[in-house]
Amino acid sequence: MNGLRTLLLASALAFSASPSLAQPAPLPAPARAPAALDEHGQLRDPLLQTRFERITKELRCLVCQNESIADSNVDLAADLRRQVREMLSAGKSDDAIFKFMTDRYGEFVRFAPPLSAKTALIWGAPFFMLLLGGLIIFRVVRQRSRMPLDE
Amino acid sequence: MWKFLLPFAAFVALVVLFAFGLNPNRDIHALPSPLIGKAAPEFTLTDVLDPTRTVSTAALKGQVYVLNVWATWCVACREEQEELLEIARQHVVPLIGLDYRDDHDKAKLWLTQLGNPYTAVPFDGDGRTAIDWGVYGAPETYLVDTHGRIIFKFISPMTEEVWEKEFLPRIAAARSGA
Chain G
1 MNGLRTLLLA SALAFSASPS LAQPAPLPAP ARAPAALDEH GQLRDPLLQT RFERITKELR
61 CLVCQNESIA DSNVDLAADL RRQVREMLSA GKSDDAIFKF MTDRYGEFVR FAPPLSAKTA
121 LIWGAPFFML LLGGLIIFRV VRQRSRMPLD E
Chain Z
1001 MWKFLLPFAA FVALVVLFAF GLNPNRDIHA LPSPLIGKAA PEFTLTDVLD PTRTVSTAAL
1061 KGQVYVLNVW ATWCVACREE QEELLEIARQ HVVPLIGLDY RDDHDKAKLW LTQLGNPYTA
1121 VPFDGDGRTA IDWGVYGAPE TYLVDTHGRI IFKFISPMTE EVWEKEFLPR IAAARSGA
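As given, the protein sequences belong to chains G and Z, one line each in that order.
So in our numbering, the last spot in the first sequence is 151, and the numbers never skip.
So in our numbering, the last spot in the second sequence is 1178, and the numbers never skip.
Next up, chain G with everything else stripped away, as it sits in the complex (with noise of 0.2 Å):
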């Protein structure tokens, strides 16, 4: 039982202990004004500017890997916004563009995967996780009050 714990806590451990991919010096970004953008380069209609802002929290910039492209500085990232914002002002839906990140990246560019067959595990690992931790605790209390006490 706590051998399994220690398996998922290795597990992090080996994967938060690999080196970092080394970024790639930043480029000027090309001069571009669409009619869409503001002098802020954010999008005129507030509506749009708003899911601009809850989708590319929602996309993992694959540069940094932690950091979601709304975030990240880096070149990839500021591509995939300019990406999004065409995508917006071009009237697509967010099933639309997220479809499109997905089919060039795969699912690991979403932070909140959808439930499928492959990502069930990530998914279903706290719950599970929460059912062995009760399970020991309820042995553990369970043991604990069989055992006569000694004062």
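Please keep in mind that the hints were generated in silico from the structure rather than gathered at the bench.
Any given hint could turn out to be false.
Sample of chain Z residues facing chain G (criterion: CB under 7 Å; computed from the structure) [as the list claims (entries may be wrong)]:
id, residue
1, A1030
2, I1036
3, G1037
4, R1101
5, G1134
6, Y1136
Result set (DMTMM-like, lysine to aspartate or glutamate): computed pairs, CA atoms no more than 20 Å apart in a straight line [what the hints assert, rightly or not]:
id, chain 1, residue 1, chain 2, residue 2
7, G, K99, Z, E1166
8, Z, K1108, Z, E1082
9, Z, K1061, Z, E1082
10, G, K57, G, D45
11, G, K57, G, E107
12, Z, K1153, Z, E1166
13, Z, K1038, G, D45
14, G, K99, Z, D1132
15, Z, K1038, G, D103
16, Z, K1153, G, D103
17, Z, K1153, G, E107
18, G, K92, Z, E1166
The calculated label-pair distances, taken between Cβ atoms and stated as ranges, are [stated by the list, open to error]:
id, chain 1, residue 1, chain 2, residue 2, range
19, G, V140, Z, F1011, 17 to 23 Å
20, Z, W1002, G, T119, 29 to 35 Å
21, G, D95, Z, G1115, 42 to 48 Å
22, Z, L1109, G, L132, 28 to 34 Å
23, Z, T1112, G, M129, 36 to 42 Å
24, Z, F1011, G, L115, 47 to 53 Å
25, G, D95, Z, E1160, 41 to 47 Å
26, G, Q42, Z, H1147, 53 to 59 Å
27, G, D38, Z, V1075, 32 to 38 Å
28, G, K92, Z, A1173, 22 to 28 Å
Just so we're clear, the structure is a prediction, and the values are computed from it rather than from any experiment.
All C-beta atoms, glycine included, are put in the ideal place defined by N, C-alpha and C.
Based on the hints, put chain Z in the right spot on chain G.
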């Protein structure tokens, strides 16, 4: 019995996990591409060395080719340059060098100074073609078969070992299956 066996099984599982997870040859940043087995995204771009010439996936259709994503700002691309030149000398497949988010003049200078391993050098200055190909860094190297499908993707600088073990057998298989 269980008291002994269970921790032991957990220990063995842990050893296996570590052997896999800490394997120095495994790049955990290398993500599986969803494009493997799918049609290579189409592009028509101009050539870095000759802006009057266009490079397109349509013109490459029917032949096995390698697409290498590179840029002058990419340090690791310099590392693989020697190997790419060696591959070019072998004349096995056309080597297309997608110049990703780069400066046109710097790219030209790089190719004249370090040598040009590429059959064609499509210029993807704004990185749009790279997004279509699912590029998230450089260098990345793709193998496309005779049906225009991506059959393999390698992320990291190309080495002789990777070329001989991963690419050459797949190129041979793609040709015999065509």
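TODO: Mind checking the hinted window 53 to 59 Å against the Cβ distance between G/Q42 and Z/H1147?
DONE: Check failed, 43 Å falls outside 53 to 59 Å.
Task: Distance restraint evaluation - Z/T1112, G/M129, Cβ atoms, bounds 36 to 42 Å - done: 58 Å, violated
Task: Status of the hint placing Z/G1134 at chain G (closest C-beta pair under 7 Å) - done: 4 Å, holds
- [ ] Quickly compare the C-alpha distance for Z/K1153 and G/E107 to 20 Å and report which way the hint goes.
- [x] Holds - the C-alpha atoms of G/E107 and Z/K1153 are around 17 Å apart, at most 20 Å.
Task: Proposed proximity, Z/E1082 with Z/K1061 (alpha carbon, max 20 Å) - done: The given pair, whose Cα atoms are some 27 Å apart, is violated under the 20 Å limit.
Open item on the list: So if I understand the rule, the pair passes when the alpha-carbon distance is 20 Å or less; does Z/K1153 with G/D103 pass?
Closed with: 15 Å, holds
Task: Satisfaction of hint between Z/E1166 and G/K92, Cα-Cα up to 20 Å - done: It is violated: about 39 Å lies between the C-alpha atoms, which goes past 20 Å.
- [ ] Look at the Cβ atoms of G/D95 and Z/G1115 and judge whether their distance stays inside 42 to 48 Å.
- [x] 46 Å, holds
Task: Given hint G/D103 paired with Z/K1038 - CA-CA distance at most 20 Å - done: With a Cα-Cα distance of about 10 Å, the restraint between Z/K1038 and G/D103 holds, given a limit of 20 Å.
Task: Distance restraint between Z/K1038 and G/D45, which requires alpha-carbon spacing of 20 Å or less - done: 36 Å, violated
TODO: Assess, step by step, whether the Cα of G/K57 is no farther than 20 Å from the Cα of G/D45, and give holds or violated.
DONE: The hint holds at about 19 Å.
Task: Restraint status (C-alpha distance of Z/K1108 to Z/E1082 at most 20 Å) - done: Answer holds: Z/K1108 to Z/E1082 is near 17 Å, not above 20 Å.
Violated hints, listed in ascending order, are 1, 2, 3, 7, 9, 13, 18, 22, 23, 24, 26 and 28; each of the other numbered hints is respected by the structure.
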